[in-house]
Amino acid sequence: MRIVEACKAIAQARGERVIVATMGAMFAFDMLGVTERRLSSVPLMGGAASLGLGLALARPGHGVIVVDGDASLLMQLGGLVTVADAGATNLIHFVVQNGAQFAGASNLPVPGGHDVDFRAMALAAGYASAHSFGDAEALGQAMPALLDAKGPVFVVLKTEP
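To convert, take the position in the sequence shown, counting from 1, and add 479; that gives the working numbering.
No lab work stands behind these hints: they were computed from the structure. Here the structure is a predicted model, which is why all the values come from computation and not from measurement. The beta-carbon is built from N, C-alpha and C at its ideal position, and this holds for glycine as well. Honestly, I wouldn't trust all of these hints.
Stated by the list, open to error - Simulated DEER-style distance windows between Cβ atoms:
| # | residue 1 | residue 2 | range |
| --- | --- | --- | --- |
| 1 | Gly-540 | Gly-592 | 30 to 40 Å |
| 2 | Asp-594 | Gly-540 | 30 to 40 Å |
| 3 | Pro-590 | Pro-623 | 33 to 43 Å |
| 4 | Arg-481 | Gly-566 | 25 to 35 Å |
| 5 | Glu-515 | Ala-599 | 20 to 30 Å |
| 6 | Gly-605 | Gly-512 | 28 to 38 Å |
| 7 | Thr-514 | Glu-616 | 34 to 44 Å |
| 8 | Arg-538 | His-593 | 31 to 41 Å |
| 9 | Glu-495 | Pro-590 | 18 to 28 Å |
| 10 | Pro-539 | Asp-614 | 26 to 36 Å |
| 11 | Gly-592 | His-541 | 15 to 25 Å |
| 12 | Asp-614 | Gly-592 | 32 to 42 Å |
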């Protein structure tokens, strides 16, 4: 799946939820024209989940979607435990696992590449549920249930670099 396909599925299903995007997802949402109720988390590489958590806790009646990068998340793995411990039921945390830092620019390899099991890490940290998708159509079909689930919810998006 391409990152723009994953972001399109998220954008089409999000309703009034706020999106916090970082790195490649930020550019994909730009290409899709998604500008309202969206924050970009750059140069806060690694901080998207924490920023999203702050929004989710401050506004518990509003849904928050974080779209993180694999390299970014690896910089702040402790954020998984913080998000899970806070128990924000209105937060869904996606991670784009493309195995590349600065995808499309320099494509530096991410330590562990596609072998890192972010789903297992999220569950071990205490997320309410964790899922993985490598197909945009399957993701699109699952989005309503993912967004309705009591969070924090974690979703791995397996994408091309």
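Now the hints, each set against the structure:
1. Remark: the range hint 30 to 40 Å for Gly-540 to Gly-592 is upheld by a beta-carbon distance near 39 Å.
2. Between Asp-594 and Gly-540 the Cβ separation comes to about 39 Å, which falls inside the hinted range of 30 to 40 Å.
3. Take Pro-590 and Pro-623: their Cβ atoms lie about 34 Å apart, and the range 33 to 43 Å holds.
4. Between Arg-481 and Gly-566 the beta carbons are some 33 Å apart, a value that agrees with the proposed interval 25 to 35 Å.
5. Restraint check, Glu-515 to Ala-599: a C-beta distance of roughly 34 Å breaks the suggested window 20 to 30 Å.
6. Remark: the range hint 28 to 38 Å for Gly-605 to Gly-512 is upheld by a beta-carbon distance near 36 Å.
7. Evaluation of the 34 to 44 Å hint for Thr-514 and Glu-616 yields a failure: the beta carbon distance comes to about 25 Å.
8. Separation of Arg-538 from His-593 is about 34 Å and conforms to the stated range, judged on CB atoms against 31 to 41 Å.
9. Checked against the hint of 18 to 28 Å, the C-beta distance between Glu-495 and Pro-590 comes to roughly 37 Å, which is inconsistent with it.
10. Between Pro-539 and Asp-614 the beta carbon distance is about 32 Å. The supplied range of 26 to 36 Å therefore holds.
11. Remark: the range hint 15 to 25 Å for Gly-592 to His-541 is contradicted by a beta-carbon distance near 35 Å.
12. Restraint check, Asp-614 to Gly-592: a C-beta distance of roughly 20 Å breaks the suggested window 32 to 42 Å.
Against the hints set out earlier in the document, violations occur for numbers 5, 7, 9, 11 and 12.
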